[in-house]
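Mind docking chain E on chain W? Use the hints.
Residue numbers (the numbering used here), protein chains in the order written: chain W, 1 to 313; chain E, 1001 to 1288.
Since the hints were made in silico from the structure, they are not lab data. Beta carbons: idealized from backbone N, C-alpha and C, even for Gly. Some hints could be false.
[Stated by the list, open to error] Just a few of them, taken from the derived set where beta-carbon distance is under 10 Å, the chain E residues facing chain W: (1) E1018; (2) L1120; (3) R1128; (4) A1271; (5) W1275; (6) R1282.
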Amino acid sequence: MSEHEITFENVSKFYGDVLGVNRVNLSIPPGITSLVGPNGSGKTTLMNLMTGLLRPTEGRIRVLGVAPDQPERLFQFTGYCMQFDSFPRGMTGYQFIYSYLRLHGKPHEEVESLTWSAIERVKLTDAAHRKIAGYSKGMRQRIKLAQAIAHAPRVLVLDEPLNGLDPLVRAETIALFRSLAEEGLHVIISSHILHEVDAISDQVVLLSSGYVVAEGQIHGVRTEVEEHPMQILIRCTRPSALASRIFELDTVVEARLHNDGKGLLVRTRDPDRFYLMLNRLVVDGVDLESVAPADDDVLSVYEYLIGPDGGSI
Amino acid sequence: MAVYKRSYHGYAGPLTPEWSRFAIIPRYAYQRLFKSKVMTVFFVICLVSPLVFLSLIYVANSFGSIAKMFGATGVRSPITIDGEFFQIFLGVQSFLAFILTCFVGPGLVSTDLSNRALTLYLSRPFSRAEYVLGKMSVLLILLSSITWVPGLVLFSVQSALAGTGWLLHNLWIAWAIFSGAWIWILVIALLALALSAWVKWRIAAGALLLGLFFVAAAFGHALNAVLDVRWGGLINLSILFNAVWNDLFRTQQKAEISASSAWIMLALICAACLWLLNKKLRAIEVVR
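So that you can see chain E by itself, here it is in the shape it has in the complex:
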């Protein structure tokens, strides 16, 4: 029997808190993402529309002064800053966020799975939940920066220009921007990760994500037309989100489905994505 020296002394210094370890994944992901010029340019384009909406807010609040410069008096601004205005803003930004997700999302998990790199992550002091959180946060942070963050900045500018009375009367809009954007971000981030984990092929996952939006929407319309029903809208993500946003932004637009059924359907989609991620993200893939 060998006699061992027992000379090993491991690192005994301070460690970063366990809850913050997931942040390493987005940090590296952004370094890689923003090396792509196309990605950087598109991200900048995503920040153009908030500037346009900012200009509209300024014009709406200063319309009287601007009109006076041209000699007109007693003219009211044709732009109303209300829930519908911010819903339109969120609609535009959500579309851009979706395109961004189609760029970024599919490669997040599929490359790790196809390279068998999941074992590398999970043979560290790092759990599957932290891995999913880390990968999701790549999208959560990126999409937040072009949706609810500029949305709340616009809301703050409007409040500053319109006064405390407007702010107090419309505080619910801030909540609608925040929660409406988060629901969108959460659902498409989960969908992107789940599809990426399922097909393990970046291009196919991107195509599937696009297909889920557009093909499912067309199929839903076809169901409604052929069967003369309205529940075809339940598989149309645009209709689901419109129903939820109409509810949050208190707009009177006519929706094909009720807000409650849209909420339930979105919750089911999230649950299905989590189930798929739980099934597919394993350190060792067991092939039977």
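Only chain W is shown next, with the shape it has when bound in the complex:
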């Protein structure tokens, strides 16, 4: 059992007859891990299980070696930002962070300093003494995030943290997640916005109907999806000339000209061999500009494994 990872061992959660998650085996290292899946796939259940807010029907969970049913130990190093807004009436942003931080047992001076540090980190210093009821959706999302990071946790569990943020704040928040991950934190995020998941995640966990469909670094997951040959986009001059040579490779199953006429889309079952052989195939007068995977992202993997209609994407 690792004291540096979050582990799920054969974990199932049933709500009566309704399946939450089933036989989940996971090991989450430090860095940003995104839980991806359609509505009802079990993302929030998985987060609630790892924070001990729900107890598993079966199986064992350890968060950095600590069982989630010990809140006194677990939440000293874990921060949780839930999906829903829940703010006690009449509280200011500062009071919201400060009062809940006191439950950690730290002295007033430390709590005050941590509160301001969290508020500054989410850039809400000017609004700290305003009532949360008057905050915009984005500000509420940020103050929720501040309460999750305020006690300097080592594990951060964030349920849909990017919802309601405008593009600028979204970019700043993603940068914050990245900096937290670089400090060695486990940042676990659930999100519906796949291109952002792709941009920020060190690894992804794909969920569907309560089952883990795939997990790991997205490139590794993509390589495992053998029934869908890898798509590679070759940007070059004279793509039709290259296309005529490309079928000499037995690993290529499809080649077609890109819509803009300035490239070639190739499907291959063995991308590594394809890259090795490509130089030999390049004919005179064809200049290669770039060669890059075209479906080596979360969106493509999601579509291949879960299907394009799998939720509100």
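Same frame as chain W, but now just chain E:
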């Protein structure tokens, strides 16, 4: 694979003891409660009757001297300071405590549940038991300050005025004040929290608490009258407490039900409240 700097260093200083964390809840609750002028005025009114009873104790102990001032001699005080005197005091204060509970109790848990704020508490180093203890202590401390605390102050004053002989002979009254008040406080605090958790709506919870006392009492009387029985008193909280207090204060008042059945019924009510709290106070509400 990213290479992480592992630069995180958390707080390593001393923490307050875990057992004392629940006290944060009443501290904030009182700050909020006493912002209300109505609440503050009512709390002060609750402390008026102890002053009245204090005056009565003084009069009872100094009756001879007072009578002598008016030229009367050999007159005995019409006020007797005994178990019944303190039971009347506890009865008055308990009624005020009940009104105070109807103000304060229903909003303690229902607002957290309706705002989904329970997750905020329970995603801290804080357990459900500590949450219930914290919320209950808001009522326990507040109601103690107007029931057994002034009761024991009155008892001490009486002991000081009447002498050690009286104190030694009536020490059991101090226990009766303390335990009689605690039973009352515990039952109505649990009822207030359980109803608050059950209906999740402050106004409805307050109405239900009042209803439980008055409607259940009327129903109990109706049962007794229609069926010609006495056990209707078992659903009448006033009768239950009177039976228990009569037992504790050794008064000879006629009770509809026996003290033992009243004790059992109160224990059952407490158990039902705890069961309801355990069922309703969950970090995540699972809707099936």
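We went through each hint and held it up to the structure:
1. Annotation: interface hint on E:E1018 holds; nearest CB of chain W at approximately 6 Å, less than 10 Å.
2. Given the 10 Å rule on beta carbons, the hint for E:L1120 holds: about 6 Å separates it from the nearest Cβ of chain W.
3. Checking E:R1128 against chain W by beta carbon gives a least distance of about 9 Å; that is within 10 Å, so the hint holds.
4. Taking 10 Å as the C-beta contact cut-off toward chain W, the hint placing E:A1271 at the interface is violated, the least distance being around 23 Å.
5. At its closest, the beta carbon of E:W1275 sits 18 Å from a beta carbon of chain W; the interface hint therefore is violated under the 10 Å criterion.
6. The interface hint given for E:R1282 is met, as the beta carbon of that residue sits about 8 Å from the closest beta carbon of chain W, less than 10 Å.
When each numbered hint is compared with the structure, violations occur for hints 4 and 5.
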